[in-house]
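Trainee: Okay, here's what each chain looks like letter by letter:
Protein chains: 2
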Amino acid sequence: MNEHVKQSNLCCDFVNRAKGKKDNKTRLYRYAGNFSWKGVKPERYKPAGKDWSDIARQTLIGNRGETSKFHLRYFEIAPEGYSSFEMHKHEHVVIGIRGKGICIAGKKEYRISFLDTLYIKPNEPHQLKNTFKEPFGFFCLVNARRDRPKTLKGR
Amino acid sequence: MNEHVKQSNLCCDFVNRAKGKKDNKTRLYRYAGNFSWKGVKPERYKPAGKDWSDIARQTLIGNRGETSKFHLRYFEIAPEGYSSFEMHKHEHVVIGIRGKGICIAGKKEYRISFLDTLYIKPNEPHQLKNTFKEPFGFFCLVNARRDRPKTLKGR
Numbered sequence: 001m002n003e004h005v006k007q008s009n010l011c012c013d014f015v016n017r018a019k020g021k022k023d024n025k026t027r028l029y030r031y032a033g034n035f036s037w038k039g040v041k042p043e044r045y046k047p048a049g050k051d052w053s054d055i056a057r058q059t060l061i062g063n064r065g066e067t068s069k070f071h072l073r074y075f076e077i078a079p080e081g082y083s084s085f086e087m088h089k090h091e092h093v094v095i096g097i098r099g100k101g102i103c104i105a106g107k108k109e110y111r112i113s114f115l116d117t118l119y120i121k122p123n124e125p126h127q128l129k130n131t132f133k134e135p136f137g138f139f140c141l142v143n144a145r146r147d148r149p150k151t152l153k154g155r
Numbered sequence: 156m157n158e159h160v161k162q163s164n165l166c167c168d169f170v171n172r173a174k175g176k177k178d179n180k181t182r183l184y185r186y187a188g189n190f191s192w193k194g195v196k197p198e199r200y201k202p203a204g205k206d207w208s209d210i211a212r213q214t215l216i217g218n219r220g221e222t223s224k225f226h227l228r229y230f231e232i233a234p235e236g237y238s239s240f241e242m243h244k245h246e247h248v249v250i251g252i253r254g255k256g257i258c259i260a261g262k263k264e265y266r267i268s269f270l271d272t273l274y275i276k277p278n279e280p281h282q283l284k285n286t287f288k289e290p291f292g293f294f295c296l297v298n299a300r301r302d303r304p305k306t307l308k309g310r
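Protein chains in written order, with the working numbering: chain C, 1 to 155; chain S, 156 to 310.
No lab work stands behind these hints, which were simulated from the structure alone.
Keep in mind that the hints are not guaranteed to be accurate.
To be verified - Here's a subset of chain C near chain S, in silico, CB distances under 8 angstroms, partners left out:
| # | residue |
| --- | --- |
| 1 | Asn-24 |
| 2 | Leu-60 |
| 3 | Ile-61 |
| 4 | Ile-104 |
| 5 | Ala-105 |
| 6 | Leu-115 |
Said to hold, decoys possible - For each label pair, taking beta carbons as the anchor points, the in silico distance ranges come out as:
| # | chain 1 | residue 1 | chain 2 | residue 2 | range |
| --- | --- | --- | --- | --- | --- |
| 7 | C | Lys-150 | S | Phe-269 | 32 to 38 angstroms |
| 8 | S | Arg-266 | C | Lys-150 | 42 to 48 angstroms |
| 9 | C | Asn-34 | S | Thr-222 | 33 to 39 angstroms |
| 10 | C | Asn-34 | S | Lys-263 | 23 to 29 angstroms |
| 11 | S | Lys-205 | C | Thr-131 | 48 to 54 angstroms |
| 12 | S | Asn-278 | C | Pro-122 | 48 to 54 angstroms |
Claimed, not checked - For lysine to any residue, the following SDA-like pairs were computed, each having C-alpha atoms within a straight-line distance of at most 20 angstroms:
| # | chain 1 | residue 1 | chain 2 | residue 2 |
| --- | --- | --- | --- | --- |
| 13 | S | Lys-180 | C | Pro-149 |
| 14 | C | Lys-100 | S | Arg-266 |
| 15 | C | Lys-133 | C | Gly-62 |
| 16 | C | Lys-25 | S | Arg-266 |
| 17 | C | Lys-107 | C | Pro-79 |
| 18 | S | Lys-180 | S | Met-242 |
For every residue, glycine included, the Cβ atom is placed at its ideal position computed from N, Cα and C.
Isolated chain C, as found in the complex (with noise of 0.2 angstroms):
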């Protein structure tokens, strides 16, 4: 992971979305290389908090005006990095890009590698982890319009 992005946000956040209108045009984000992408800003939000720690994220459609009915983040977790605990009413769809990960869902736990595809129902507690000596990179998909996440205790 960047050392400029090594810690952020957490990946079910609610922070940051789209602050009013801006220009909703077609635009191409190139690839950069290592994870990063041109036009995109890596985003820190806070210090590791109680919950969650070394999560990056990189906001690719959802806060420059796009009028879509979702969002696309690219997340990178650091090794024995992890998100909350926790359960929301929107869907989450994670897809692996880079190394690999756990996510625990509902009862199940999974392992997430390169294009792996998780469709996470609604209200369905998960946690998103690190549990390798990689960089776990993902691309998570949102409803745009989504509700607070709830904290969980227990893991």
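Add chain S to chain C, keeping to what the hints say.
Mentor: Showing chain S alone in chain C's frame:
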């Protein structure tokens, strides 16, 4: 491209939308190599049309009862293949996955390679094509509820 999925439907299709409620379950679509996923059937629709050619589709998220406001599909265009030149009110997000291809959108032409991400705004005339020697594979994200494309002339 696998022979059995060689021709199915165009990118901006309106066919085979979710047909009533099925089960809305958390589910992993394990990547099975060769740009195929376990549990995802290649879709075949019709032989080459007048305005499109050599496109295969796999619907990862969208026709198994998922309630997300978006659908995720993987398309592959064989060398010399192309989608309809068309427009519609709904947005597209295209993410390059396999090989490379060209997307004409508005007055511009974009080369799409691995992880390049293109947002196409509403009502932007567009066409995807493969002018290269290897298959061109990409994810295409769309709103679950979307309008029917209008086919355009002139390309």
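Trainee: Is the hinted pair Lys-100 of chain C and Arg-266 of chain S satisfied, with a Cα-Cα distance of at most 20 angstroms?
Mentor: Answer violated: Lys-100 of chain C to Arg-266 of chain S is near 29 angstroms, above 20 angstroms.
Trainee: State, for the Cβ atoms of Asn-278 of chain S and Pro-122 of chain C, whether the hinted interval 48 to 54 angstroms holds or is violated.
Mentor: 31 angstroms, violated
Trainee: Hey, Lys-107 of chain C versus Pro-79 of chain C, does the alpha-carbon distance stay inside 20 angstroms?
Mentor: It is violated: about 23 angstroms lies between the C-alpha atoms, which goes past 20 angstroms.
Trainee: Looking only at beta-carbon atoms, does the pair Arg-266 of chain S, Lys-150 of chain C fall within the given range of 42 to 48 angstroms?
Mentor: Because 43 angstroms falls inside the window, the suggested range holds.
Trainee: Holds or violated: is the Cβ of Asn-24 of chain C closer than 8 angstroms to a Cβ in chain S?
Mentor: Since chain S brings a Cβ to about 5 angstroms from Asn-24 of chain C, closer than 8 angstroms, the hint holds.
Trainee: Would the pair Lys-180 of chain S and Pro-149 of chain C pass a check requiring their Cα atoms to be no farther apart than 20 angstroms?
Mentor: 19 angstroms, holds
Trainee: Given Leu-60 of chain C as an interface hint, is the shortest Cβ-Cβ distance to chain S below 8 angstroms?
Mentor: 5 angstroms, holds
Trainee: Would the hint on Ile-61 of chain C stand, with a C-beta cut-off of 8 angstroms toward chain S?
Mentor: 5 angstroms, holds
Trainee: Cβ-Cβ distance between Lys-150 of chain C and Phe-269 of chain S: within 32 to 38 angstroms?
Mentor: About 36 angstroms separates the Cβ atoms of Lys-150 of chain C and Phe-269 of chain S, which means 32 to 38 angstroms holds.
Trainee: Answer holds if the nearest beta-carbon of chain S is closer than 8 angstroms to that of Ala-105 of chain C; otherwise answer violated.
Mentor: 5 angstroms, holds
Trainee: Below or equal to 20 angstroms on CA atoms is what counts here, so check Lys-25 of chain C against Arg-266 of chain S.
Mentor: 17 angstroms, holds
Trainee: Is the interface hint satisfied for Ile-104 of chain C? The criterion is a beta-carbon contact with chain S at less than 8 angstroms.
Mentor: Where the cut-off is 8 angstroms and the nearest Cβ of chain S is about 11 angstroms from Ile-104 of chain C, the hint is violated.
Comparing the model with each earlier hint shows violations of hints 4, 12, 14, 15, 17, 18; every other hint is respected.
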